[in-house]
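Q: Protein sequence lines correspond, in order, to chains A and B. When you line the first sequence up against my numbering, it's residues 19 to 276, in that order. When you line the second sequence up against my numbering, it's residues -3 to 331, in that order.
The hints are simulated quantities; they were obtained by calculation from the structure and are not laboratory data. Mixed in with the good hints, there may be bad ones.
Just the calculated beta-carbon pair ranges, DEER-fashion [as the list claims (entries may be wrong)]:
hint: 1; chain 1: A; residue 1: 132; chain 2: B; residue 2: 183; range: 41 to 51 Å
hint: 2; chain 1: A; residue 1: 142; chain 2: B; residue 2: 94; range: 52 to 62 Å
hint: 3; chain 1: B; residue 1: 173; chain 2: A; residue 2: 171; range: 23 to 33 Å
Covered stretches of chain B, going by a simulated chain A footprint (3 or more residues, C-beta under 8 Å) [stated by the list, open to error]:
hint: 4; segment: 183 to 192
hint: 5; segment: 211 to 224
hint: 6; segment: 289 to 297
Even for Gly, the Cβ is constructed at its ideal location relative to N, Cα and C.
Each chain, written out:
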Amino acid sequence: MPLPLLDINELTISFGGITALSDIHLQVSPGALISVIGPNGAGKTTLFNCICGLYRPDRGTVRFHGEPLLGFKPDAVARRGIARTFQNIELFLRMTVIENLLLGRHLHFRAGFFDAAAGSPRWRREEIRHREVAERILDFLDLQAVRDRRVGDLPLGRQRLVELARALATEPKLLLLDEPSSGMTAEEKDDLVFRIRDIREEMGVTVMLVEHDLKLVMGISDWITVLDHGLKIAQGTAAEVQADPDVIKAYLGETAIY
Amino acid sequence: MELRERYEEDLFLVRGALAWTALIAFCAALLLLPRAAPGYLLFTLSLIAVNSIIAVGLNLLVGYTGQISLGHAGFVAIGAYTAGLVMTKVPWPEPLMAWGVSWLAALSAAGLVAAAFGFLVGVPALRLTGPYLTIATLGFGIAIHQVLTNWDRLSGGRTGLFLPKLLFGPWRLGERQLYYVAIILAGLLVWVAFNLVRSHVGRAFVAIRDSDIAAEVMGVNLTVYKTLAFAVSAAYAGIGGAMLAFILGYLEPQLFTLFESIYYFSMIVIGGLGTVPGSILGAALLTVLPQQLAALKQWLPLVYGGTIVLVMAIEPRGLYGRWMKIKLWFKAWPF
Ligand SMILES: Nc1ncnc2c1ncn2[C@@H]1O[C@H](COP(=O)(O)OP(=O)(O)OP(=O)(O)O)[C@@H](O)[C@H]1O
Ligand SMILES: [Mg+2]
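Chain A extracted, bound-state conformation (with noise of 0.2 Å):
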């Protein structure tokens, strides 16, 4: 078995008297889509908060191509390769869909601050060559239309797609996407499937999965994490995780509540 790309160990984080994740271990290869998936607060978001540095979890490591990833801030985390969108959308919400993805390519600036301040020709011609990347990527996504638009003014559906861009325009090797397709219409989300499909193969990216709607995570996922209450309770293929008793009792529990 090769070297995983991402590797968590006994990963333990607990709020006050919540715990939000209790001792998960969790190996993603190269290349590997997979998904998480669980009832509200079983833990996911938090998952990802621990491996983006957000959070500082209080037991467990992670590690990315062998090397620890804990205790580094998230701007460094960024710096090694891995992106991420938001549940709850995190764009520039008054600058435009291509200033969005700019900050994308902001980790890839190699001119410093004078060379900004004056303009110079080598800040000048980096700033082309992000240009030319971020505007790649919204002829990738089909967002040229509203390259120029406030991402604030934007419908849901597409601030989501711009978000997913801009994660993309940080050339990550890992993508941490927290629930892309909560608030798309349905020929969106069949959309979005065909895009995350494209980034993995296209651009060889290892993509993380949280995802409400399981119909989407079944058809596109190598395999799935199922947690519930900060545990993890089955590990497997679309069809295996769907027989297992324990999920469907997490599944069927939540659907009793509500």
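Given chain A's structure and the hints, the job is docking chain B with the ligands onto it.
A: Positioned in the frame of chain A, the structure of chain B with the ligands alone reads:
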């Protein structure tokens, strides 16, 4: 490569023949003005240039990066007194004095020392947000004023600090020459500000303002960029302060009170938060207005406070935002 040209064009600060004509005409007017204008007008214009420098710097911090500073007069004071002390306390050899090295050094030192203080204020500011940061900067401004008031040996106490006349070769810089220095400096610093805000540095500033979590996840180092914003903003204030010292020729702590901090803050709110031209507009307006309203002097704080509230309620992007809307309206006219 048709696309490539478009990107190049995106990077131009001034676009189109009309904009270039307007800019050149404006610069020519500023350069030719001293021939026609009376002395007090030149003095006012020099003050506008100084206040523009300070306001543009403040806007980089408040409008772009979203970190409120209500103690900016503190940085202005640090720049002004650094310049004053470098001019008076450093034993400059005669030729350096005569060739303007002393005041150019004073100007640079003012920017650097103020930037260092900006950085120092920026570090604790990393842990503070919203009202807490506002109160901390407010405290900083008051502390600087207190230090100047009580530390006679530094500030010259009640007699104040007098600066020698600036020299440049055979010339003593009078009102007219200082006017040129002020507008050239302002022009340079405004150009730098424009460069910054359209670069990755300026985008990082705005990103921090709009969503610091997303900025961080995109690879923006919050520690670096927040302290950078403070340092740059303070450097602008410091250079503005030094220029103010040169123009007035005299410094006293009362020039740098809490009221001045609010005064600078009003400029950017009224002119337009997060816009460079707005800062200049606000600076010009609030330089001229108090001169016209001299009779209302003790009411000015109230006027500024009221105006800030009004602008926030009606047009959060200030005068410049309103102007852009009017321009758009005319472009669309007659529909
Ligand atoms: N910053 C925090 N402070 C306190 N509690 C938190 C924090 N972040 C997460 N939690 C708690 O951790 C648990 C897991 O939350 P998390 O957001 O990871 O769930 P989730 O699986 O993403 O749920 P959902 O499907 O609703 O998004 C919840 O009980 C939540 O209240
Ligand atoms: Mg979640």
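Q: The structure should be examined with respect to each hint, and the outcome stated for every one.
A: Verification of the hints:
no. : hint                        : verdict
1   : A:132 <-> B:183: 41 to 51 Å : violated, 19 Å
2   : A:142 <-> B:94: 52 to 62 Å  : violated, 40 Å
3   : B:173 <-> A:171: 23 to 33 Å : violated, 50 Å
4   : 183 to 192                  : holds (count 3)
5   : 211 to 224                  : holds (count 9)
6   : 289 to 297                  : violated (count 0)
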